[in-house]
Structure formats: C-alpha cells, structure tokens
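Protein chains in written order, with the working numbering: chain S, 1 to 272; chain R, 273 to 562.
In case anyone wonders, no lab produced these hints; they're calculated from the structure.
Among the hints, a few may not be true.
Stated by the list, open to error - Taking lysine to any residue and the SDA-like style, the derived pairs with C-alpha atoms no more than 20 angstroms apart in a straight line are:
| no. | chain 1 | residue 1 | chain 2 | residue 2 |
| --- | --- | --- | --- | --- |
| 1 | R | 507 | S | 175 |
| 2 | R | 353 | R | 513 |
| 3 | S | 216 | S | 58 |
| 4 | S | 186 | S | 112 |
| 5 | R | 507 | R | 441 |
| 6 | S | 216 | S | 80 |
| 7 | R | 507 | S | 149 |
| 8 | R | 507 | S | 153 |
| 9 | R | 507 | S | 186 |
| 10 | S | 216 | R | 526 |
| 11 | R | 507 | R | 345 |
| 12 | S | 186 | S | 153 |
| 13 | R | 507 | R | 376 |
| 14 | R | 353 | R | 547 |
| 15 | R | 507 | S | 225 |
| 16 | S | 186 | S | 175 |
| 17 | R | 507 | R | 389 |
| 18 | R | 507 | S | 259 |
| 19 | S | 186 | S | 216 |
| 20 | S | 186 | S | 122 |
| 21 | R | 353 | R | 497 |
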Amino acid sequence: MSRLLMRTPQHVLAGGLALIFLFPLVWASLASVSPQAGTQQTDGWGFANYATLAHYQAGIWRYLFNSLAISLMTVLFTLLASVTGGYAFAMFRFPGRNALFLLTLAILMVPYATLLIPLYVLLNSLGLQNSLIGLALVLSMFQLPFATFMMRISFEAVPGELREAALIDGCGSFRALQRVLIPAAKPGLITVGLFAFLAAWNDFITPLVLISDSDKVPLPLAVANLRGQVMGIVDYGATEAGVVVLALPCIVLFLALQRHYVRGFMSGALKG
Amino acid sequence: MAPTRIRSASRSRRAWTGWAYAAPTALFVVVFFVLPIVLVGRMSVSDWGLFAGNRGWNAPENFTEAVGDRLFWPAVWFTVKYTVVTTVILLGLALGLALLVQESSRWTGILRTSFLVPSALGLASASLLFYALYSPQASPFPGQISFLGTPSSALWSTVALIVWRFAGFYMLLLLVGLQSIPGDVYEAARLDGAGRWQTFRHVTLPLLRPSLALCTILCVTGSLLAFDQFYILTKGGPDNSTVTIVQLVYNMAFQGQNDLGRAAALSIVVLAALLVVNLLQFRTLRGKER
C-alpha cells in the first residue's frame, strides 16, 4: 500500500505526459470537422474541409492513388531485391560478397541530399524523370540497407537442417527459397514490407526533388502545396483534414501491428 | 584428383548461383548508389546548371562559392545549435519516459502506446499538423503567442515538434536497453545500501551506455540532416534564421540559384563532415564503454 502511495506522483506525471502527447492528434481530428472562421466549415460540425481537400487541383483521389502506387511499388522492389539479396548473402559464398554487402550498408552513411542531386540528373538521362516508377526505385534503394540486413539475418536464423533437407530432397536453390526459407522468414518479410510502405508513404524530400509535375506528386507534397494556394491565405481546415488523411493509415497500421513489433524489440532484448 | 575437380566445379557453380541471386541488389546499388556518387563528384567540379546541364570545368570555384555563400556559416551554426538542443532535450526526455514505463502493467502499456503513437506519423505530416497548431488563426492556444515569429521561438517550436514526434521511438530503444540489465545487479546495489539516485547514477547509466550511444548517433545524424520540418514549418524564416545546411543545398540546386554544381560541391562538404562527426562519435562513445 505504501509502495502504491509512493508511486502515485509518478503515475500522475506519466499520465499527464501521455495526455500532452495525445493532444495534437486529438486536436487535429476535432479541428478538421469543427466550425472555424476562414475555412469551408464555418457553421456547425461537418466534413466541408474534407470536401475542399477532395476537390483540390487534381483531386485527392489522384494524390492518394499516386501515394499508394509509389508505396506499393517500393514494397515490391524492396522485397524483390532484399529477399534474393538476403538469400545470396546468407547462403552462398561468391567473390565480392562482403564488398557488395558493405556497399549496400554504406547507403546509410550518405545523406539523402547528396544522392538526390545526381539522381535528379541520372533519372533524366534514364528517361525516368517525373515518373512514379523512378521515384519508387529511388525510395527502394534508400530501404535496401535495412531490408537486406533484415532478410540476411532472418534467413541465417532458419535452422540449417531445414535448408539442407530441402536441398537433399532435390529442390533446386530457387525451390528451397520458395518452399522453405520464405515461409520460415515471414516475420522478417512483414517487417521489411511494413517499413518500406511507411517510408515511401511518408517521404517528402525525395518526391520534392524528383517530381515536378503537380499531377504526379504524392499526398504529403500535395497537402504541403495546398497551403497558401488562394492569394497566400492558408486554409487551415483543409490542412488539418489533409493531416488526418495522411496520418490515419499510419496510425491504424501501427496500432494493428504494435504488439508484433514492440514485442519483437523486447524479446530481442531479452535474448541479447 | 577427380573429386577435387568435381568439388571445385560445384563450388564455382554455387558461386554463380550466388551472384545470380545477388544481381538485383547489385544492380540497385550500382545504378542508384555508386553511379550517383561518381556523378555528384563530377558535378561538384563542373559548372552544372539546373536547366543548362554540364558547361565544363569549374573546380575550386564551386567549393569556394558554396562555402562563401552568405548563408553558409549561419546555416552551419544554426544546424549545430539545433542538433545540440534537440539531442539533449530529446534523449533526456526519452530516458525519463523509459524509466517511468519500464515496469510492465496494463497502465504502463497504455502509456507506452500514447508516447509511441506520434512516431507512426511521417515527419512531413507531423510538421503540417504543428503548422496548423502554431498558426494564429487555427491555434487552440489562448492569446497571441507567436510560435514562429522570432528566430528563437521558431527554433524552440520546431524542437517541440521533433521531441513530440521522436521521444517515443527513442524511449523504445532505451527501454530495450533497460530490460537487458539483469535484475540481480539492482539487487546487489540494494544490498550494498545504494539509494535510488546512486543506483541510477552508478548502475543504470553505465549499463545503459550502449543504448544511449546508439540513440545519440541516430539523433545527431538525423538532426544534422534536418530538412522536412524546417521546409514546412518555417521555410527557413524569419529572415533566414532557421536555414539548415541541407536546406541550403536544396535552395542552391532548385530555388533561385539553380546551380547543381555548387549544390553538389556543398553536399560533398556535408557528406565529409558527417563522416568525420560519425567517426568521432563512434570513437568517443565506444571508448567510454570500456
């Protein structure tokens, strides 16, 4: 009992901090539907701000489609490269193996800005300027260090007997990958896919540099551009609605999977 | 003789298979990483306009002009100041949060989730949210507080945004470190008659050093390369007081100056500085660990 009483100030402090952390999110969701001067929603509660957002320039569906296409392509390219690459690094010895692995990790050491300036020129000469595919390829490259590392350790964690059994059974190396290793490394695969999706969905500076056609920008850029469109007057209501649309998929994914990855972090710690 | 030949033949076949699987990664790394690095090196010594393209050699000038830009030293100074302020506040708060929620119960589970939810947002989305939160028209705060009007308020307002967005993430990393400290170490400290503060100072902190080192490196690197939050929240203002070094690279390349050569030169300076800073961090943080 005395222990409980001693801890009360601590609980109150933590609870207060939690409220402060939740406040901006709650405020943005409420403000986006509440009446406010200078927005489309002036009297009563309603979704007029979302209607403004929906009809902004090319329309929100266009930007949502762009964002979704970029994110899904990034997931696809990242998984393709990191699964095959992780398999090669985990299971095969070949000349240049360590050099290639270190080179892949070295991507982490180089600032985005240093790479984006030459990439802007390079994509032009590859005919990929202003294209969603070009953007997704660049975003996948930024994901490779984490993804390749993750898939390599996931494959290395698969018990050796399981791999050898597959090879002795006459499976080719591809069949062994497909039938044995990919199913065994599913948690790693999900983590890599999720990280690639969120990174591509939220990235800002890469499309800012590489996409100049306003119909092809992803949602974060569109919402940022929406401020100050009409004679420099900012429609904060539409901005708040845009934030909600941007944040909702991320928060839903986070809450659905947090048990999975917070526990993943923790169990890793216990083992280490 | 024969078995060795067969073995070496099968080994070389396995090496080929290995390369075949590594090929997509190799292609990605060569086309989108190695080639750009080579190209940025070449651009940094060329007179390379945004629309005009390569117009020949412009070697020391790109670098001298980049470093001689009137915003260069203010940007370096501001970036360093921002990095120090953010790292100290963010890691201090994250450590506090981790200590508050380290025991697991339903209540601390709820607290952890509330601290972590902002980390799910993109940095750009979080910046847009705070842009509205700080605006005089939409702000829920009473009175006429100017959040972005003066250089120092713009700095602190941005730090608040970053702390809100990242505290939960660093709390999680430190929580992992805290959980890996075995319980009997605390037990031994208690038996030795150590108080709570002494235990924290002489047991928790030293054992937490690897996690703190990781957080410091991540936070310093991220802050030195800050861009999104300032681009959206302050646009470098007021009076260019919040222009970071990456923003300066972006402005040189795509806004106004349209000089890719000079921007490439500056970005190489940034790369070199970052490598030196990280090398120093690795050395000091690892040195202390021993």
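- [ ] Would you pick out the hints that fail for this structure and give their numbers low to high?
- [x] Checked against the structure, the hints that fail are numbers 1, 4, 5, 6, 7, 8, 9, 13, 17, 18, 19, 20, while the rest are satisfied.
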